[in-house]
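Line order of the protein sequences matches chains A and B.
The opening residue of the first sequence carries number 391 in this note's numbering; numbering runs sequentially from there.
The opening residue of the second sequence carries number -7 in this note's numbering; numbering runs sequentially from there.
Bear in mind the hints are in silico, worked out from the structure with no lab data behind them.
The structure presented is a predicted model; accordingly, all values stated were derived computationally and were not measured.
The beta-carbon is built from N, C-alpha and C at its ideal position, and this holds for glycine as well.
None of the hints are false.
With the Cβ distance kept under 8 Å, some of the chain A side facing chain B (calculated, not the full set):
{"no.": "1", "residue": "GLY490"}
{"no.": "2", "residue": "SER494"}
{"no.": "3", "residue": "ALA497"}
{"no.": "4", "residue": "HIS500"}
{"no.": "5", "residue": "GLN506"}
{"no.": "6", "residue": "SER569"}
{"no.": "7", "residue": "SER576"}
{"no.": "8", "residue": "GLY579"}
{"no.": "9", "residue": "MET580"}
{"no.": "10", "residue": "ILE586"}
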Amino acid sequence: MVSMDPQIWLAAFFTIAATSYAFRDNLVFKFAENTFIGIAAGHAIVMGVKNIRDYGWTHIMSGEMIYVVVFVLGIMMYARFSDEYYWLYRYPIAFLVGNGIGISIRAAIHSDFIVQVRATASPLIASDALGTVNALITFVGCITAMSHFIFTYEKMDEGVLGWFPRIGRSMMLLAFGASFGNTVMSRFGMYQGRIIFLLRDWLQVI
Amino acid sequence: MSVWEKLTSLPREVIMSLVIVAMLIPALNPLGLPLMTGDMSLAWYDTVDALPADSIVLMDIGYGSGGYPSLGPGNIAALHQMFEKDLKVVLMATSLEGTMMYPLIMDVVRPEQDYGLVYGEDYVFIGYIAGEQTAMAGVLGDLKALVSVDYQGTSINSLSLMDNINGADDIDLVAYLTTAGGIAEGWVYQAYSQYDKKVVGGFLSMMTTSLKPYYDSGQLLGIMDGIKGAADLEFITGHPGDAIVSSDILTFTQTLVLIFIIIGNVSYWMVKQEGGN
Chain A
391 MVSMDPQIWL
401 AAFFTIAATS
411 YAFRDNLVFK
421 FAENTFIGIA
431 AGHAIVMGVK
441 NIRDYGWTHI
451 MSGEMIYVVV
461 FVLGIMMYAR
471 FSDEYYWLYR
481 YPIAFLVGNG
491 IGISIRAAIH
501 SDFIVQVRAT
511 ASPLIASDAL
521 GTVNALITFV
531 GCITAMSHFI
541 FTYEKMDEGV
551 LGWFPRIGRS
561 MMLLAFGASF
571 GNTVMSRFGM
581 YQGRIIFLLR
591 DWLQVI
Chain B
-7 MSVWEKLTSL
3 PREVIMSLVI
13 VAMLIPALNP
23 LGLPLMTGDM
33 SLAWYDTVDA
43 LPADSIVLMD
53 IGYGSGGYPS
63 LGPGNIAALH
73 QMFEKDLKVV
83 LMATSLEGTM
93 MYPLIMDVVR
103 PEQDYGLVYG
113 EDYVFIGYIA
123 GEQTAMAGVL
133 GDLKALVSVD
143 YQGTSINSLS
153 LMDNINGADD
163 IDLVAYLTTA
173 GGIAEGWVYQ
183 AYSQYDKKVV
193 GGFLSMMTTS
203 LKPYYDSGQL
213 LGIMDGIKGA
223 ADLEFITGHP
233 GDAIVSSDIL
243 TFTQTLVLIF
253 IIIGNVSYWM
263 VKQEGGN
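Using the sequences provided together with the hints, build the complete structure.
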């Protein structure tokens, strides 16, 4: 029994239309693509206005006048469309960049550097054999992969020393392989969701 | 043109058709292949399970319609576990489309009907907050200075759950699901590094390789690895859904890709042996 819900039919049509691109670019795909872009843009505008209202305007209305500065900075963003006042656009951008860096830099150094170094420098002998093998692979992989990025010492790629970057490259290739496998699974994971939708919700055969 | 040359230049229509057939066969006739639960999913489950009742969880819906098939089922399973454990959940979205995913998830979880929960007392959705890490810092730093109304425009002062939630100090766990690398890293930076909060993260499988070091170093206490992680969590929580149905499909299609890779490499090598390009 095929679904009688028009919403399901609409979703099924756009699913098939989007999939059709995998076979060849066509008019139906273009229609689906443009519809999606239109809806996404519309949604973004609505959410943008809602954000301005919820996180800016309501504060001004409750007397927090500091938010006027935020509005002024926001309006200055539009100066980029003017040849004469383009320079004004740099101020909110400078504010955004400074704010972004200020918020993340301390945590980034902690998470990506200090904690990672601490975790990598853990004891090579673990509580079980598998853990020890794991720790050894991590240790060898880390040292050799880093040696691949030493560009200032010419003899790094020669003789016995040359084995370090060579092993490092292999380690990185293993990681790229794992990444590729995961990427394929991600893409199929996305599409199988639509296949299940078509079979269960639209055609109702499963 | 030899057979090997033909194999090296298989039209994409053929490959795509085979992929779709490989998806349809297990979808129509589920084989019930065994599911091996991953350590990272178990760690997610255990982290949530260890929280006492009434603990506060901040959950970020950081994905949109494109990420829903991979992350939606996991999000649903995660909420089932949290509501069964009587945890209080504050939901937010760092993705623009996250607000559209919220009703899809709640239609399946059915907190009022199946768990007898009350919106505003047991869970709240504060909606989309722009700015990624800035939004995270704002929510964890001083939530009420940033958010004055929930997604429906209701003042958060009128929602009893929000009475005692002002920032990171009042939050016991941060759980997020996202398709964006910046958001995945951002929660680690802002919640773990800045406030030493417990954090569990769910993301697309393709992101796992680069984000797993956060799990290995103890910054992420659990990972939901895309649809595979979602299937694990559905299995552990006892709430089978779309992800478990997907397991057979994924196994079939991944095997097909493996066969394509072998055929591609062998035919490339054979063509070279025959003196071709």
